[in-house]
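There are 2 protein chains.
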Amino acid sequence: MKPNRAITFARSHRSRFISELKELLRFPSVSSAPKHARDVCACARWLALHLKSIGLQHVRLIRTSGYPLVYASWERDRSAPTLLIYGHYDVVTAEPLGQWHTPPFSPVIKGRAVHARGAGDDKGQLFCHVKALECFLRTHRALPLNVKCIFEGEEEIGSPNLLRLVERYKTTLRANAAVISDTKMQGPGRPAISYAQRGGVRAELEVRGPEQELHSGSFGGAVLNPLQALCEMIAMLHDERGRVAIPGFYDDVREWSNAEREYMARAGPTDDKLLHEAHVEQGWGERGHTAYERTTIRPALTLNGLSSGHGGEGSKGVVPAVATAKLSFRLVPDQDPKSIAQLFRRHVERITPATVQCSVHLEAPTAPVLIDRKHPAVRTAGVAYKNAFGRAPVFLRSGGSIPVASAFQEVLGIPVVLMGFGLPDARIHGPNEKSYLPNFYRGIETSIWYMSLAAQSLRSALPRPATSREWLV
Amino acid sequence: MKPNRAITFARSHRSRFISELKELLRFPSVSSAPKHARDVCACARWLALHLKSIGLQHVRLIRTSGYPLVYASWERDRSAPTLLIYGHYDVVTAEPLGQWHTPPFSPVIKGRAVHARGAGDDKGQLFCHVKALECFLRTHRALPLNVKCIFEGEEEIGSPNLLRLVERYKTTLRANAAVISDTKMQGPGRPAISYAQRGGVRAELEVRGPEQELHSGSFGGAVLNPLQALCEMIAMLHDERGRVAIPGFYDDVREWSNAEREYMARAGPTDDKLLHEAHVEQGWGERGHTAYERTTIRPALTLNGLSSGHGGEGSKGVVPAVATAKLSFRLVPDQDPKSIAQLFRRHVERITPATVQCSVHLEAPTAPVLIDRKHPAVRTAGVAYKNAFGRAPVFLRSGGSIPVASAFQEVLGIPVVLMGFGLPDARIHGPNEKSYLPNFYRGIETSIWYMSLAAQSLRSALPRPATSREWLV
Numbered sequence: 015m016k017p018n019r020a021i022t023f024a025r026s027h028r029s030r031f032i033s034e035l036k037e038l039l040r041f042p043s044v045s046s047a048p049k050h051a052r053d054v055c056a057c058a059r060w061l062a063l064h065l066k067s068i069g070l071q072h073v074r075l076i077r078t079s080g081y082p083l084v085y086a087s088w089e090r091d092r093s094a095p096t097l098l099i100y101g102h103y104d105v106v107t108a109e110p111l112g113q114w115h116t117p118p119f120s121p122v123i124k125g126r127a128v129h130a131r132g133a134g135d136d137k138g139q140l141f142c143h144v145k146a147l148e149c150f151l152r153t154h155r156a157l158p159l160n161v162k163c164i165f166e167g168e169e170e171i172g173s174p175n176l177l178r179l180v181e182r183y184k185t186t187l188r189a190n191a192a193v194i195s196d197t198k199m200q201g202p203g204r205p206a207i208s209y210a211q212r213g214g215v216r217a218e219l220e221v222r223g224p225e226q227e228l229h230s231g232s233f234g235g236a237v238l239n240p241l242q243a244l245c246e247m248i249a250m251l252h253d254e255r256g257r258v259a260i261p262g263f264y265d266d267v268r269e270w271s272n273a274e275r276e277y278m279a280r281a282g283p284t285d286d287k288l289l290h291e292a293h294v295e296q297g298w299g300e301r302g303h304t305a306y307e308r309t310t311i312r313p314a315l316t317l318n319g320l321s322s323g324h325g326g327e328g329s330k331g332v333v334p335a336v337a338t339a340k341l342s343f344r345l346v347p348d349q350d351p352k353s354i355a356q357l358f359r360r361h362v363e364r365i366t367p368a369t370v371q372c373s374v375h376l377e378a379p380t381a382p383v384l385i386d387r388k389h390p391a392v393r394t395a396g397v398a399y400k401n402a403f404g405r406a407p408v409f410l411r412s413g414g415s416i417p418v419a420s421a422f423q424e425v426l427g428i429p430v431v432l433m434g435f436g437l438p439d440a441r442i443h444g445p446n447e448k449s450y451l452p453n454f455y456r457g458i459e460t461s462i463w464y465m466s467l468a469a470q471s472l473r474s475a476l477p478r479p480a481t482s483r484e485w486l487v
Numbered sequence: 015m016k017p018n019r020a021i022t023f024a025r026s027h028r029s030r031f032i033s034e035l036k037e038l039l040r041f042p043s044v045s046s047a048p049k050h051a052r053d054v055c056a057c058a059r060w061l062a063l064h065l066k067s068i069g070l071q072h073v074r075l076i077r078t079s080g081y082p083l084v085y086a087s088w089e090r091d092r093s094a095p096t097l098l099i100y101g102h103y104d105v106v107t108a109e110p111l112g113q114w115h116t117p118p119f120s121p122v123i124k125g126r127a128v129h130a131r132g133a134g135d136d137k138g139q140l141f142c143h144v145k146a147l148e149c150f151l152r153t154h155r156a157l158p159l160n161v162k163c164i165f166e167g168e169e170e171i172g173s174p175n176l177l178r179l180v181e182r183y184k185t186t187l188r189a190n191a192a193v194i195s196d197t198k199m200q201g202p203g204r205p206a207i208s209y210a211q212r213g214g215v216r217a218e219l220e221v222r223g224p225e226q227e228l229h230s231g232s233f234g235g236a237v238l239n240p241l242q243a244l245c246e247m248i249a250m251l252h253d254e255r256g257r258v259a260i261p262g263f264y265d266d267v268r269e270w271s272n273a274e275r276e277y278m279a280r281a282g283p284t285d286d287k288l289l290h291e292a293h294v295e296q297g298w299g300e301r302g303h304t305a306y307e308r309t310t311i312r313p314a315l316t317l318n319g320l321s322s323g324h325g326g327e328g329s330k331g332v333v334p335a336v337a338t339a340k341l342s343f344r345l346v347p348d349q350d351p352k353s354i355a356q357l358f359r360r361h362v363e364r365i366t367p368a369t370v371q372c373s374v375h376l377e378a379p380t381a382p383v384l385i386d387r388k389h390p391a392v393r394t395a396g397v398a399y400k401n402a403f404g405r406a407p408v409f410l411r412s413g414g415s416i417p418v419a420s421a422f423q424e425v426l427g428i429p430v431v432l433m434g435f436g437l438p439d440a441r442i443h444g445p446n447e448k449s450y451l452p453n454f455y456r457g458i459e460t461s462i463w464y465m466s467l468a469a470q471s472l473r474s475a476l477p478r479p480a481t482s483r484e485w486l487v
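Residue numbers (this note's numbering), protein chains in the order written: chain A, 15 to 487; chain B, 15 to 487.
A portion of the hints provided could be inaccurate.
[Claimed, not checked] Computed footprint of chain A on chain B, listed as stretches where at least three residues anywhere in the stretch have a Cβ under 8 Å from a Cβ of chain A:
| hint | region |
| --- | --- |
| 1 | 149 to 163 |
| 2 | 183 to 196 |
| 3 | 275 to 283 |
| 4 | 338 to 349 |
| 5 | 412 to 423 |
| 6 | 439 to 449 |
[Claimed, not checked] Derived DEER-like restraints, expressed as beta-carbon distance ranges:
| hint | chain 1 | residue 1 | chain 2 | residue 2 | range |
| --- | --- | --- | --- | --- | --- |
| 7 | A | Lys400 | B | Pro48 | 29 to 39 Å |
| 8 | B | Asp285 | A | Glu181 | 27 to 37 Å |
| 9 | A | Pro261 | B | Pro261 | 47 to 57 Å |
| 10 | A | Leu111 | B | Gln296 | 49 to 59 Å |
| 11 | B | Ala273 | A | Gln296 | 21 to 31 Å |
| 12 | B | Thr116 | A | His290 | 49 to 59 Å |
No wet-lab data here; the hints were simulated from the structure. For glycine and all other residues, C-beta sits at the position ideal for the given N, C-alpha and C.
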């Protein structure tokens, strides 16, 4: 099935597509915030109805113990290959709200970008595929190949349910390849395919001192301040060379060949470019590695937040009762998230002063992912990008984590094609997140090209698809 | 003027006094929170009207650039000595509200205590004097001596305006002694007079990293995290022996004689008692000193709060943009708050990593205070306590700071009598602050005794009082 008519359709419906994307962006589907539970579910329902309206079959909201998975499929014939399309409709919190120039859930177009939480991560990207599907279905009443879509609502909290579901429904989800668009390109018009993702594990560290806040005049100097203890413990998590100071942490970190590191140096961003994207002047981190290496082939431990005692306006002379830090590890091959969690727990026990209590809560262990750049499913993505953007993609490693990617590879045994449409300055997870509209348009065309080409190139590969009956539970 | 009729009056009006105290406690007069500005002013007005209603003269709300000072006086005759009574009607924030068993500004009686923010610090204590004044005025239409009351609304933010006003109106405020009830006793029925206060200075330390929050996958490991930097800097503020690690910090700390330390050991709380009051099991701090010494004759640096990045529910994979810590120094003779502020600023400059920006904001420098235990004004307080509580007070050092105390001594040249009625478990500054009602009743009687006795004992001392005309600006 040639892409031409679908592409023509896409080009003539851009403004409607943008309106629909804005509808999707309007849901404050913050999966980490219980107060947004209804919004997350409403977003899932909207998405499911939308998939039905464009002509997909077997549209389902799969219940989980958390947020529903939106499933839809389209079955051509048993001889055609099957493509699994994954995306997530949940977003991270938009706090701190004060730093947004326009409200995070009132999407607006400024210049050539749409500004909203989720514009880049990941609603804007998953919607490229949704619209590509529509373009085929409207112009051919068919797709070039079999498609299964799963759009989840818990990616930003570590996909706790999806990982179990992939295991449980591995027959249903059988496919020849999975495509995920939740990564970034190198810049406008400069596409990139991610061939590696860091894994991770999240931790919350809580240090308790006195039963409740104490007057700092009456007790300051006599009792250990849990906040001070926590800061001192945090200071013991890195050494002065910027390395993580947890014993054994680097034991399983894979060392890469010079050839690979040279490839990375050629294809990846320079230190200057990466720091420019971060809007910081000076880099920091493990010596002997470029910034790109430090965010891809080297693990990291990042403090995500800390709160303790009086944080509001003015001052309050107290010894806090409790101090809580949130941290996240980003892990690389061949680190095992569960072993790292154990090492961390033991290190914390070792460095906790006797005069406070400390508890550690760990969650969302995610394995790092490596993808074979030479797999036909990945090569096809290269051609699709070239056709849509006029330029072949580079292969980049990504520093982030998509929890399900490793499950697709390990459990389903299929390659994962990380076909990102985001720009480096999209401010994902930060205030004023945005998405560059020309990438949205070309992302749709890339997806159209990909489906058209993959119908042939994946034919050589794997199993015939199962029906989606298993979902009907 | 004998105290008997005033005391009889006090005993027969206890329940009305409690109702009035509860009215006073109902104002959320949180001086550090701009949102409570109206409440602080309303509290000042209530207090002024109340002082007028009990028969004081020259009742004024003295405007400042911040919150008003409530002034009232009563002039007997030029030959009588003058007593300055100081208290503060502002309170610290009641946050975190979730930890209160009953709302902080809805005072309730539980058992023999009234629970509310400010019950102990300081509304409940200042009100003892107000009611003592009323008891005399109602029974004698006169007071035993001249009285000037100043009740301020900015003590909890370091008395920024009062200190200037004391300097400006030092003639108006001329008196033979000042009495302040804003300290604690040793326990129920065990009165204490404070003869020392620590001074202090407050600091806010802000570390800025990237312009805005960054995705911790994309950038974790490549840029210095301002929160990590702040924690590492904080870890450098104490050494492993629990001493403040700022060079020069201890240079001016006075060493006390063995005799004084032995007196303190006899009169003051044991480590066990002090830790029991704090509800912690193990002490911490500078070696070679008891907990009582560490909170009185030794300086301390206390972290009051820290906030950075994502502190809410769930997790968010970000590198924070900024991290802010609030700290307070408690200083002892002969440390100078302004010099300490300088040392701190220089130390922070030294330990700030080159890859972040750090700013230091310092405020509320307060000098430490020492009071002559043998001054007639202080001895008289001992007799008043003995008469009211049936037991002579011990002399204790206090770890807290009352900014104006040093100004009274230095600028007005008068002794400050720290006649506290609080109990050690009053939870001042913490959730569920409370005040023990029997101490409120005996506090009133102590104040009655004090005025009655001081009318004689202060006669030997200092200058004749000026009129209050200067206030009428």
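Let me make sure I understand: some of the numbered hints might not hold for this structure. Which ones are they, in numerical order? Checked against the structure, the hints that fail are numbers 1, 2, 3, 7, 8, 9, 10, 11, while the rest are satisfied.
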